[in-house]
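Enquirer: Which chain is which? The protein sequence lines are A and B, in order.
With this note's numbering as the guide, the letters of the first sequence map in order to residues 782 to 1212.
With this note's numbering as the guide, the letters of the second sequence map in order to residues 782 to 1212.
Some hints could be false.
For identical chains, the list gives no copy identity; a pair is met inside one copy or between any two copies.
Straight-line C-alpha distance at most 30 Å; calculated DSSO-like pairs for lysine-lysine [said to hold, decoys possible]:
#1 795 with 1091
#2 893 with 820
#3 902 with 820
#4 1059 with 1111
#5 902 with 795
#6 1084 with 962
#7 1003 with 795
#8 810 with 1059
#9 820 with 1151
#10 960 with 1151
#11 1059 with 1091
#12 1059 with 820
#13 960 with 1071
#14 902 with 887
#15 821 with 795
#16 821 with 1084
#17 820 with 1073
#18 1151 with 962
#19 795 with 810
It should be emphasised that the hints constitute simulated quantities derived from the structure, not laboratory data.
There are 2 protein chains.
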Amino acid sequence: MKKNSVHTRQAWQKRLERQLRGAGAAWQKIRSLNAAGKKKILHWAAHDLENQARFLLQQNAHDLAQARKFNLSAAMIDRLTLTPARLKAMADGVRAVAALPDPIGKVLTAWKRPNGLRISKVTVPIGVVLIIFESRPNVTVECAALCIQSGNAAILRGGREAFYTNRAIAAIFQRALAKFKMPIEAVTFVETTEHAAVDFLLQREGEIHLVIPRGGQSLIRKVVALSRIPVIKHYQGICHVFVDRSADPVMAERIALNAKVQRPGVCNAMETLLVHEKIASRFLPQLALKLKAAGCEVRADSKAYALMRKSGGLVKKARPSDFGFEFLDKILAVKTVRDIAEAIEHIQRYGSAHTDAIVTRDRRQAEIFKAEVDSSSVMVNASTRFADGFEYGFGAEIGISTDKIHARGPMGLEGLTSYKYVVEGTGQIRR
Amino acid sequence: MKKNSVHTRQAWQKRLERQLRGAGAAWQKIRSLNAAGKKKILHWAAHDLENQARFLLQQNAHDLAQARKFNLSAAMIDRLTLTPARLKAMADGVRAVAALPDPIGKVLTAWKRPNGLRISKVTVPIGVVLIIFESRPNVTVECAALCIQSGNAAILRGGREAFYTNRAIAAIFQRALAKFKMPIEAVTFVETTEHAAVDFLLQREGEIHLVIPRGGQSLIRKVVALSRIPVIKHYQGICHVFVDRSADPVMAERIALNAKVQRPGVCNAMETLLVHEKIASRFLPQLALKLKAAGCEVRADSKAYALMRKSGGLVKKARPSDFGFEFLDKILAVKTVRDIAEAIEHIQRYGSAHTDAIVTRDRRQAEIFKAEVDSSSVMVNASTRFADGFEYGFGAEIGISTDKIHARGPMGLEGLTSYKYVVEGTGQIRR
Chain A
782 MKKNSVHTRQ
792 AWQKRLERQL
802 RGAGAAWQKI
812 RSLNAAGKKK
822 ILHWAAHDLE
832 NQARFLLQQN
842 AHDLAQARKF
852 NLSAAMIDRL
862 TLTPARLKAM
872 ADGVRAVAAL
882 PDPIGKVLTA
892 WKRPNGLRIS
902 KVTVPIGVVL
912 IIFESRPNVT
922 VECAALCIQS
932 GNAAILRGGR
942 EAFYTNRAIA
952 AIFQRALAKF
962 KMPIEAVTFV
972 ETTEHAAVDF
982 LLQREGEIHL
992 VIPRGGQSLI
1002 RKVVALSRIP
1012 VIKHYQGICH
1022 VFVDRSADPV
1032 MAERIALNAK
1042 VQRPGVCNAM
1052 ETLLVHEKIA
1062 SRFLPQLALK
1072 LKAAGCEVRA
1082 DSKAYALMRK
1092 SGGLVKKARP
1102 SDFGFEFLDK
1112 ILAVKTVRDI
1122 AEAIEHIQRY
1132 GSAHTDAIVT
1142 RDRRQAEIFK
1152 AEVDSSSVMV
1162 NASTRFADGF
1172 EYGFGAEIGI
1182 STDKIHARGP
1192 MGLEGLTSYK
1202 YVVEGTGQIR
1212 R
Chain B
782 MKKNSVHTRQ
792 AWQKRLERQL
802 RGAGAAWQKI
812 RSLNAAGKKK
822 ILHWAAHDLE
832 NQARFLLQQN
842 AHDLAQARKF
852 NLSAAMIDRL
862 TLTPARLKAM
872 ADGVRAVAAL
882 PDPIGKVLTA
892 WKRPNGLRIS
902 KVTVPIGVVL
912 IIFESRPNVT
922 VECAALCIQS
932 GNAAILRGGR
942 EAFYTNRAIA
952 AIFQRALAKF
962 KMPIEAVTFV
972 ETTEHAAVDF
982 LLQREGEIHL
992 VIPRGGQSLI
1002 RKVVALSRIP
1012 VIKHYQGICH
1022 VFVDRSADPV
1032 MAERIALNAK
1042 VQRPGVCNAM
1052 ETLLVHEKIA
1062 SRFLPQLALK
1072 LKAAGCEVRA
1082 DSKAYALMRK
1092 SGGLVKKARP
1102 SDFGFEFLDK
1112 ILAVKTVRDI
1122 AEAIEHIQRY
1132 GSAHTDAIVT
1142 RDRRQAEIFK
1152 AEVDSSSVMV
1162 NASTRFADGF
1172 EYGFGAEIGI
1182 STDKIHARGP
1192 MGLEGLTSYK
1202 YVVEGTGQIR
1212 R
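Chain A with its partners taken away, still in its complex shape:
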């Protein structure tokens, strides 16, 4: 009852301290595990995700039974729900990670100094990685698998609405670790549901080496404000497509539609369409019809409004706040621009440096766009929806970073590594 009493507080703090020590010690083991060893653990876990389906579905049912208590929306309940097919997909995901080349021990570059010292830069794991996430149990699976494959220890702090599911999934990985004589604490699950537990962990610099929050803006802002540990984070995806005057209108339409409506709720979906005024009248009326057919609302500047309103779709005049807004929905802001300079300026001012695209047939305009737009992904004649670790061929994705430090954009296994310099001499001393 007295949840926040001093007594209870000390109990969970002690527990977390013990878990941190365990994760640190486990990391000292797993960081040197060879590729074959990591592969075996992941294959065992993948097998168990399917094999223990009954147990996992049972634990998932506990969470689902409580979903109303946590006021989960239908979409959230859907994401929380496990099915045999979803477990199979998760297991296949783990196998895909196991099939990736070992990211550790890679010589990134090597050189020799005039004094004879041979220096090489070799990849190493980062250490203990804290992942803080909301609902989705597949995050538990992905993060555990990616951390094991990169020789890191994972501390998983999921949302309480998926508590039983996440704990059961973590246990699958722990059993797989134990099976191959690795300490189970290499995948540590935080059972403490106290909010203060996160605050506590974010102060444990030295014991935790990286924090990856995966969830809504408010979670991420809170983590950034409190953490003494480096954080890699994803804020917003306010993505633009600029249709240049030289664009192929058919291509531009396909890309714009795909970027907006194929999956509007994700970070790499387009939020604002910028259209060169010289192509607007040939392009926008037709696009308006297609957007209408797709059930997409339009918020257009006055020039675009005049061209689009006759479509019969839901076309409104844009307010200033519609630009630079992350709708994450079937809503599109449309603006006409005089030239590429105005488009780039708009992107710099209103974008979030996530993903921005140009559609053009003019090589020079493409070059300007590629050079001037400072976004983590800059696309030419392709849908913004491709900004994704799997689409880039990384074989995995721990997240998409909107930071410029350490990892930027889609972040695969490489983002979970650091490096060390190995220096070999023959007795050299400094003069």
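Position chain B relative to chain A; hints supplied.
Expert: Chain B alone, transformed into the frame defined by chain A:
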């Protein structure tokens, strides 16, 4: 008089906000400046550092006149003092940075996807970099030069004890920027000496993209605790040399002496010597004599004490707190170990993962050490003193990172870059 009144506070805040806007706008210009443009600015600044020597020495004299007010030690006054020779060295440093290859626009890797998308990973500047440092005016020069060469805007916040010197140096770079039509705010000097100004800047996530504190532990801890912006930092250098049983005793002695006494006050100097017990009696008595000659105190475990105390040098019995301690002085902790495993365990437990070395003739022991020691620099048969951006051939050093995120170990121009993905298609959309 009422320095902290609301009125004054608002004034400096407004000033900082204006400076932040200026730095952000300046970055939008300097980030796309080509290699030749950056080179011209740096050469002009280098020339002016020598040419404006009188003005700089005058400003430096202001600071020196106040040195007593700030209780500066003799060493600090020495570091603060400019001379024509030091200005020449600074100018040469700037020319050396200008001679480095442009770190921006480099294609790190490029590949093609099965759907025809061509992806390349291209280096870009980070943005606005805040450097917070104490006393040393040469930091002003180095940071301004490195930021310009890497297309970043620098916000420099130096210690008040070097205020006039730093401001004058910043003005040199600003004039060079203006000379070549670049906004002078690409090198912004914070004139506000209020302590609260730093706290304020560390909250300006989005406007400042990276913070590099250069100074003592307390400065760095404060920055880490307050900052919402990613910080790259240097904590401690508790460096070890392990003398293996198979070591060449002559080489081991040279390396140990060099690592300890060549410059004991720096982070890559050795603090603890670990000696395999099978070589101790052949190695330590002789080393003790050399350490005595060099004026170095020894704090030895009981076995080493017995072997070293007859040297006539200052040899004490070590207390537990002597291990894992950063003396930054002519004091050396010495410990004998049973085997390489004990040495590595000691390094993991007491070290700071900065730089650790083994001296050995046994290839296998070297391999074990290289693989197992997780330090930013791992040395074989070389002095720890080589862990340095210049010694590694980077041509410059913005600092040494004890982080594992973004940059680790000696950090040159590359550490001031991020990257973006450039994706070129022919109309691809996501299925």
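Enquirer: Now tell me, hint by hint, if it's right for this structure.
Expert: Structure-based check of all given hints:
no. : hint           : in the structure
1   : 795 with 1091  : neither (66 Å within a copy, 48 Å between copies)
2   : 893 with 820   : between (34 Å within a copy, 27 Å between copies)
3   : 902 with 820   : both (24 Å within a copy, 28 Å between copies)
4   : 1059 with 1111 : within (26 Å within a copy, 74 Å between copies)
5   : 902 with 795   : neither (38 Å within a copy, 45 Å between copies)
6   : 1084 with 962  : neither (67 Å within a copy, 36 Å between copies)
7   : 1003 with 795  : both (23 Å within a copy, 26 Å between copies)
8   : 810 with 1059  : between (62 Å within a copy, 28 Å between copies)
9   : 820 with 1151  : between (39 Å within a copy, 23 Å between copies)
10  : 960 with 1151  : between (50 Å within a copy, 28 Å between copies)
11  : 1059 with 1091 : within (19 Å within a copy, 91 Å between copies)
12  : 1059 with 820  : neither (56 Å within a copy, 40 Å between copies)
13  : 960 with 1071  : neither (55 Å within a copy, 53 Å between copies)
14  : 902 with 887   : both (8 Å within a copy, 19 Å between copies)
15  : 821 with 795   : neither (33 Å within a copy, 59 Å between copies)
16  : 821 with 1084  : neither (61 Å within a copy, 45 Å between copies)
17  : 820 with 1073  : neither (49 Å within a copy, 53 Å between copies)
18  : 1151 with 962  : between (49 Å within a copy, 24 Å between copies)
19  : 795 with 810   : within (23 Å within a copy, 52 Å between copies)
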